[in-house]
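Novice: Going down the list, the protein sequences come from chains D and G.
The opening residue of the first sequence carries number 28 in this note's numbering; numbering runs sequentially from there.
The opening residue of the second sequence carries number 8 in this note's numbering; numbering runs sequentially from there.
By construction, these hints were calculated from the structure, which means they are not laboratory data.
Check the hints yourself; a few may be wrong.
Each pair of labels, with its calculated beta carbon distance range [claimed, not checked]: (1) D:K261 x G:L218: 28 to 36 Å; (2) D:N134 x G:G175: 47 to 55 Å; (3) G:R223 x D:G39: 39 to 47 Å; (4) D:N105 x G:W60: 20 to 28 Å.
Derived list of chain D stretches under chain G, where covered just means 3 residues or more per stretch with a C-beta under 8 Å from a C-beta of chain G [stated by the list, open to error]: (5) 125 to 132; (6) 188 to 195.
Backbone N, C-alpha and C fix where the C-beta goes; we use that ideal spot for every residue, glycine too.
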Amino acid sequence: MIKVKQVSKSFGKLEVLHSVSVEIAKGEVVALIGPSGSGKSTLLRCMNLLETPTKGKVYINNKEITSPKTDIMKVRQNVGMVFQHFHLFPHMTVIENMMYAPVKVKNMAKETAYQKATELLKRVGLSEKADVYPSRLSGGQKQRVAIARSLAMEPEIMLFDEPTSALDPEMVKEVLDVIKSLAHTGITMVIVTHEMGFAREVADRVCFLDGGRLVEEASPGEFFAKPKSERLKKFLEKVL
Amino acid sequence: MNLQFGQIAPSLPYILGGLWVTLQFTLLSAFFGFLWGAILSLFKISNIAILKWFGIVYTSVFRGTPLILQLAIIYFATPQLMGYDIPALQAGVIAFALNSAAYISETIRAGILAVDKGQREAAMSLGVPYRRMMLDIIMPQAFKNILPALVNESIALLKESALVSTIGVADLLRRANIVSAQTFLYFEPLLFVGLVYYLLVMSLTWAARGLERRLRVSD
């Protein structure tokens, strides 16, 4: 489903990713873990080309999205992304946020988009907030709307970039619960997170990045119980 | 001091006839100036070197020379160069719009850059094409932030429209001057049009306040 092949990314002289390769199967849930500055967010952002790799290739559904011939806008319709700081459109109500892209980008009929948005809102437990502006929502509510907004495009892949890092501790759970409910429903998910317990519980595979390299990857059981590299051992000692 | 407003009373309807003329110049110039300014601002933030360069040079020329000079060049030089006898309304609107676009483009550029770059990324990640993103996501947010600056620019345009009196257009100011010449009274007609300009600016200010309040419903 997603294939990252020897991707490097530099910002000026700083190389944040160094020849990283990862393959993610359809329906799989992968957690990216690592210290700050390890390149995990950059790797995630290479998967929908919000960052363009300096070297290497990225494939989605066997299509090379790093090729200049690929219509990246078309690809992105199929790859949802949830950001640390939500990025809801502040001048639109919740329901307008959710209907915008399906109607304007996918040319979905308004009624269909409305129905779909209403269903999704119900799914994330925010039906009563449909006509409210984002400024009236708590962080956890904003993030749930952001997730629902991405889902409204019916993507096959969802990328989560530290979805709970900007939230008050008491709101983390409500967002994680929504993400959990999506896992293993057929949608392919890649999650950059600092929530180890969550990664262990939800992910099929955990990848550890450090210094721009993919140091280790394993199933959560193995990853947390029997880390192989010294670097990961040290990291886990600090965060667990 | 001996003010004789009574003497100019019969001329007041004539002076007020200039109201429509002044408004016509202002509205048309503001409309085209805003449109052209918005396009220029996109040039300035684009990655295409030639467009960027054009935007910068354009602004420096139109900000770097007096408006009255630009107006004179367009009005008097066009017939000489192209043999086209340009009507005063056209010349005025073109000069004002070209000039104010230079200022407005800077304001809009700043407004666009002030919108959180996450908004752009969110739109991109949803597959929204550049044009739609600018029109539906970025510009409305930028517009809200720069509204006070745009009101400033419209007020400036309204008052600068008095420059068309130099190319023979009978706007408010010009009509006041004509009445002065006929009655040998200067203070009264000038004070009167001053008041009219002031009231126009005030109503513009109030309208803008109302608009701003409406835009703030999402706060």
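Novice: With a Cβ-Cβ cutoff of 8 Å, does the stretch 125 to 132 of chain D contain at least three residues near chain G?
Specialist: holds (count 4)
Novice: Quick one: are D:K261 and G:L218 within 28 to 36 Å, going by C-beta?
Specialist: Check failed, 58 Å falls outside 28 to 36 Å.
Novice: Could you see if the CB distance from D:N134 to G:G175 stays within 47 to 55 Å?
Specialist: Since the Cβ atoms of D:N134 and G:G175 sit about 53 Å apart, the hinted range of 47 to 55 Å holds.
Novice: Given a hinted range of 39 to 47 Å, is it respected by the beta-carbon distance of G:R223 and D:G39?
Specialist: At roughly 40 Å between Cβ atoms, D:G39 and G:R223 fall inside 39 to 47 Å, so the hint holds.
Novice: I want to verify a distance hint. Is the separation of the beta carbons of D:N105 and G:W60 within 20 to 28 Å?
Specialist: violated (37 Å)
Novice: Within the assertion that chain G covers the stretch 188 to 195 of chain D, do at least three residues meet a Cβ-to-Cβ distance smaller than 8 Å?
Specialist: violated (count 0)
In this structure, the earlier hints numbered 1, 4 and 6 are contradicted, and the remaining ones agree with it.
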